[in-house]
Amino acid sequence: MTTRHSQYRDSGESDTRTALDMWMDYYKTVMEQGLEVMHRGTEMAFQTPTGMPGWDSFETWMDAYQSRLNPSEKLDNQTLRNMYDAWVHAWAESMERWMSTPEFVAKSGQDLEHFSEFQEKTGTMMNQYWETLHLASARDLHEVFHKLYLMDRKLDDMDKRLRQMMTLMEQNTSKPTGTTKKKSSST
Amino acid sequence: MTNTFQDMFNLQRDLLEEHFKTMQRFQKGFHLHRNWQPKVSQTPHQVVLEEGKIRLLHYRSPQGTRFSPPLLIVFSLINRSYILDLKPGKSIVEKMLEAGFDVYLIDWGVPGRSDQFLTLDDYINRFMLRVIQFILDHAQVPSISMLGYCMGGTMAAMFTSLYPELVKNLMLMAAPIDFEDKNGLLYLWSDKDHFNVEKLVKAMGNIPPWFLQSAFTLTKPMQNTVDKYVKFYDKMEDTQFVDDFLTLEYWLNDNIPLSGQVYKQFVEDCFHENLLVQNKLYLNQHPVNLNEIRCPVLSIVAEHDHLVPPSSSLAIESVIASKDHQVICFPSGHIGLSVSSKAMKQLWPQVSDWLAERSAALTSATRRM
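Chains as they are written, first to last, in my numbering: chain F, 800 to 986; chain P, 18 to 386.
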């Protein structure tokens, strides 16, 4: 049986295509058409002379813009970077402060408790459902797992004791020359 | 011929173009992030012990082992251990092999539903003990050196206090010991008045990866959700940066569940009651007395660690009996200790020197290839 997923793959399409890609395709078409219209419109309206670049790049425009500013007003990459860093820092600081307030701690604890209750109730309902159908529920599996765990622990304990006994036996068998001599002399 | 209107049109068109380029770049970054399949854990190794889900990996230096005893690395139970051997050039295992140590690494595996009852006692008194007894036989040594990272460090400290004769040197890397420090957000959020861990564990069984992952992400909300992706976007042309960034991202998102009982015990005994540093913690009736640690101890702490504040790790100094305790405070974050290029160049040579000074140098006759 072929699943829908494998059919998708078999069709030769990339399986990494996402909603973002589809959206980008649509966006690209709209943008290209829009830019084309704008480009034509600008040319028609202002009759850009031939030989002159139709539209300046962002950097060229930025340079031209900056050349009109006073030196003290000029924006460079570092200034923008510093502005961004300050923005991130301010947000980080305020969020961390907020998350360390007793109110936030109490509220998140409360939410988590509600979530746990909901999760537990869902579990109980599911157990009842499976038990009504006379099938093994999560509760049954839970019990089996617990018994297996206890058995595993007991086996480990037995193994440990066996090893201790073997070590003791080895120690005793390495000693006995003296004791056997004593025994034989006494007999 | 230009005028104000044309300027305006040009500006609008350029801005749209720039915006379009940005979107395309964003799409490229999204694809890279989604489809990156890094090659992790590349250092050649052998699986020398496999018991249930636990595997013991053995790494041997191609140049031959120069020091004894071998080093066992114990990682936390909440992430996968390949962060310690992330990729060539960013691997603690590789660094220790280069320094001439035989390295063993415990891979705890992925706990399933049947493992929800496992406790810290199981992990320490059963699994770690069995693994270490195996290493003693395998390497023919009476004791080993141990390096514990994060929660693995706490477990290594617990093990050493229970079996001091089996550990020759102990290195604790960003290991939480004292949980009284309320500077970290994790410590605040696990406050016993507001965090009902018993209810959570009862409802969930094992603690799912998304729960811990989101808690860790929220400790640095802006950095983890905005800033790091902006930096990635900025440096998308730098292949080396992209590889490093996405390999680390792959590890960060490759989380595993944590046994519910371990989590409950850790939160209740450590975060709520802070029993470990007071020597009041019991593992199945065995008291964990940190005062039993007499071997040389090295504490490696990260100066900017937001998960385990340095003061939490350094508290060990006041409770252990060891007279040889050294601290390396490195200017990095919690994960930076194990993956940053700076740590690889500056920190790990220092650590291996510390360990080499406290290990026996093997002569050419005793050296194992």
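If you're looking for bench data, these hints aren't it; they were derived computationally from the structure. Note that the structure is a prediction, hence the values are computed from the model and not measured. Just so it is clear, CB atoms sit at the ideal spot from N, CA and C, and this is done for glycine as well. Be a bit skeptical, because a hint or two may be false.
[Claimed, not checked] One-sided excerpt, in silico: chain P residues whose CB lies under 8 Å from chain F:
#1 F37
#2 R42
#3 Q44
#4 V64
#5 F151
#6 L153
#7 E197
#8 D198
#9 L202
#10 L203
#11 N213
#12 K216
#13 T234
#14 Y246
#15 Y250
#16 M253
[To be verified] From the derived model, a few chain F residues whose C-beta atoms are all more than 10 Å from chain P:
#17 E895
#18 Q909
#19 Q927
Checked hints:
A hinted interface residue such as F37(P) counts as satisfied when its beta carbon comes closer than 8 Å to some beta carbon of chain F; here the least separation is about 5 Å, so the hint holds. With a least beta-carbon distance of about 11 Å to chain F, the hint placing R42(P) at the interface is violated under the 8 Å criterion. For the restraint placing Q44(P) at the interface with chain F, the shortest Cβ-Cβ distance is roughly 5 Å, inside the 8 Å limit, so the hint holds. At about 21 Å, the closest approach between the beta carbon of V64(P) and any beta carbon in chain F exceeds 8 Å, and the interface hint on this residue is violated.
Because the smallest distance between the Cβ of F151(P) and any Cβ of chain F comes to about 13 Å, over 8 Å, the interface hint for this residue is violated. Annotation: L153(P) was flagged as interfacial toward chain F, and the flag is violated, the nearest CB pair being 13 Å apart, outside 8 Å. Annotation: interface hint on E197(P) violated; nearest CB of chain F at approximately 16 Å, more than 8 Å. For D198(P), the interface hint is violated, the least distance from its beta-carbon to any beta-carbon of chain F being 13 Å, above 8 Å.
Because the smallest distance between the Cβ of L202(P) and any Cβ of chain F comes to about 6 Å, under 8 Å, the interface hint for this residue holds. At its closest, the beta carbon of L203(P) sits 11 Å from a beta carbon of chain F; the interface hint therefore is violated under the 8 Å criterion. For N213(P), the interface hint holds, the least distance from its beta-carbon to any beta-carbon of chain F being 5 Å, beneath 8 Å. The interface hint given for K216(P) is met, as the beta carbon of that residue sits about 4 Å from the closest beta carbon of chain F, less than 8 Å.
Among the interface hints, the one on T234(P) is violated; its C-beta lies about 12 Å from the nearest C-beta in chain F, farther than the 8 Å criterion. The interface hint given for Y246(P) is broken, as the beta carbon of that residue sits about 11 Å from the closest beta carbon of chain F, more than 8 Å. Because the closest C-beta pair between Y250(P) and chain F is about 12 Å apart, greater than 8 Å, the hint is violated. About 16 Å separates the beta-carbon of M253(P) from the nearest beta-carbon of chain F, more than 8 Å, and the hint is not met.
The Cβ of E895(F) does not lie farther than 10 Å from every Cβ of chain P; its closest approach is about 7 Å, which violates its non-interface assignment. Separation of Q909(F) from chain P is inadequate, the least Cβ-Cβ distance of about 7 Å not exceeding the 10 Å criterion. Its beta-carbon lying about 16 Å from the closest one in chain P, Q927(F) satisfies the requirement of being farther than 10 Å from that chain.
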